[in-house]
Amino acid sequence: MLEVPYRYKPGDRVRVAQQPAERHCRTPSYLRGKPGVVMSVTGAYRNPSLLAFHKPGLPVIPLYRVCFRQDDVWEGVSGSPDSVAADIYEHWLLPADGSDTGESSHG
Amino acid sequence: MGDHHHHDHDHDHAPIEEVAAAPIEDRILETAIRELLIEKGVISAEDVHRQIDIVDSRNPALGARVVARAWTDPDFKERLLAHPLKTIQDTFGMDMTTPLELVVLENTPEVHNVVVCTLCSCYPRMLLGIPPAWYKAVDYRSRVVREPRAVLAEFGVTLPDAQEVRVSDSTADLRFLVLPARPEGTEGWSEEALAAIVTRDCMIGTGLPDPAVKRDEAA
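Residue numbers (this note's numbering), protein chains in the order written: chain H, 1 to 107; chain R, 1 to 219.
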């Protein structure tokens, strides 16, 4: 795994940012704004939203596997034991401490 | 990387079905670009066909061998879960050179894993070959993250309420292979016999290995 600063670690509660989507965006729209828990740190990769346009995509961005409860993702779902796990780049994640609504400027 | 529909809207409950091939415009564009690249000497027609051969040589039998070995060799399973591609390459001699990472998702009594790519059609091609048409279809991609149990039921898979269904959405640089649980009734089976019941769907998570159904019959 590349030696870059990783902002989050397994077990951290996070929220997917509600920010303007890049032209080539790997963060699914159905997860934007949703809270989840970091399952694992998967490494750091070149930015796909830049790679898609033949840019180097550097510096690399940390990538995390994040688990979302079905209850937290879909309106009208409650008491579901099920979940969705997705891979989210760090510039799409915020700490889920409630103080930040996702209108972030970082990344 | 295909189209990038996002499906927030309501959806019907049509069954997961086959879809048509790429739109005619896309095929014309592909042909035009390929012919130009060959004409300009960037790639050769031989390169194109060699790559097609490689893609065609991959099929679910590769993944099934890996699963069967994991069922019979606990040490292999441990290494597979820790370092999937390296372990597969070292053990089976398959060339697993790819810029992508593979994650093996082990099904347990607590968690049943299902794989999708809601953005396009990312798939563990290095082990399973070309994805089935339904995997690329909007129906499957939009519904399995929203109502996984209803979709699984259409595949004939019903799971206990207490078992979490975890849908892994292949959104980035990782590809996922489901390691199903070894079914009861297969005690003492050879690795070859075990591999024959590991269907493609078992490794996507939309199927469960059935000792009575062999892979080639299910395909």
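Mixed in with the good hints there might be a few duds.
Said to hold, decoys possible - To spell it out: a stretch of chain R is covered by chain H in this simulated footprint if at least three of its residues, at any positions, have a beta carbon under 8 Å from a beta carbon of chain H; those stretches are:
no.	region
1	149–158
2	171–184
To be verified - Cβ-to-Cβ under 7 Å is the rule here; a few derived chain R residues that face chain H:
no.	residue
3	Ile-52
4	Val-55
5	Arg-58
6	Asn-59
7	Glu-164
8	Ser-168
In short, the hints are calculated from the structure, not lab data. Beta carbons: idealized from backbone N, C-alpha and C, even for Gly.
Now for the hints, and whether the structure bears them out:
1. Counting residues of the region 149–158 of chain R whose beta carbon lies closer than 8 Å to any beta carbon of chain H gives 1, which falls below the threshold of three, so the coverage claim is violated.
2. Counting residues of the region 171–184 of chain R whose beta-carbon sits less than 8 Å from any beta-carbon of chain H gives 4, enough to reach three: the coverage restraint holds.
3. For Ile-52 of chain R, the shortest C-beta to C-beta distance to chain H is roughly 24 Å, which exceeds 7 Å, and the interface hint is violated.
4. Hint status for Val-55 of chain R relative to chain H: violated, with the closest Cβ pair at about 21 Å, above 7 Å.
5. Hint status for Arg-58 of chain R relative to chain H: violated, with the closest Cβ pair at about 22 Å, above 7 Å.
6. Nearest Cβ of chain H to the Cβ of Asn-59 of chain R: about 26 Å, over the 7 Å cut. The hint is violated.
7. Interface hint status for Glu-164 of chain R: upheld, as the beta-carbon distance to the closest one in chain H is roughly 5 Å, under 7 Å.
8. Among the interface hints, the one on Ser-168 of chain R holds; its C-beta lies about 5 Å from the nearest C-beta in chain H, closer than the 7 Å criterion.
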